[in-house]
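Asker: Numbering (the working numbering), first residue to last: 23 to 307.
Careful, some of the hints might be misleading.
Claimed, not checked - 30 Å max Cα-Cα, derived DSSO-like pairs, lysine-lysine: (1) K223 to K210; (2) K184 to K238; (3) K238 to K210; (4) K143 to K96.
No lab work stands behind these hints, which were simulated from the structure alone.
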Amino acid sequence: MKKSILSLLAVVAMVCTFASCNKTAQKSDTNDELSSMTDSVAMIQGYMTGQQLGQQFMMMAMQGMPVDTVEFLKGFKKGIADTTKFSYYAGQIQGVQTGMGLAKEGIDAKIFAQYLEYALKGDTTKMTMDQETAYNYIQNYYNKKQEIENKEKYGKNIEEGKKAIEDFAKQDNVITTESGIAYRYATKGTGKSPVDGDKVKVTYRGTLVDGTEFDKSEEPIEFGVNQVIPGWTELLKLMKEGDQVIAYIPYNLAYGANGSGASIEPFSTLIFDVTLLEVIPAEKK
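Whole structure, please, built from the sequences with the hints as guidance.
Answerer: Spelled out as structure tokens, the structure:
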């Protein structure tokens, strides 16, 4: 029975997956778009969690350990409303753990619990979205929330990157694209230019605006034109075999609001020294 209860508690992982289990999330001002989405997120998450719990109940029933849905919901509602108490009843344990997670994310626990109940009781009239649409809606919400939190912490990178590009653009022979990439030729080649679908062989070095090197090819590397960050894809198609360019790529064409690993913070403008060695045309079908 203990193992079954523990497996029942694992269902809460779905909520953590949607919320990315963000331990640093704090209550803060969010934009109007996010505020208008929170109740819908509570409905969707509550309903989908209820569906998951319903499946778990069926499995437990087949193992000879049926869960009374009515009694479970009683315990769950008490738990989700008061996260200061823990109960040995599965519903209350589930509710307390879920309630604490929802509180961190600013999600209305009462709405969540109501829609969880609809799902457990099999009321399909309360949820008009299919599962994929519902998941995408929630994922979009948390992506926006994460972007806002990242901007509060790393917003300085936007201004620093903007200034770096503006300063670079004032130098001689610098070209600025409509998308915001600024680049100049160190060496001009005479070969062919790649197009979508082609592969290229290049050498490169990447740095942040403060000069910190975050990546460098020790030898020529081969990859698809469309398998890299958007700024690289655009830049490569502007180059010819033999070209060497110095390019400043704004954050929105690099790793955006999320950054990449420990070396590239969110909203980072990136500087690349790229040499296009060879274009490998896509195979004709």
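Asker: Out of the numbered hints, which ones does the structure contradict?
Answerer: none
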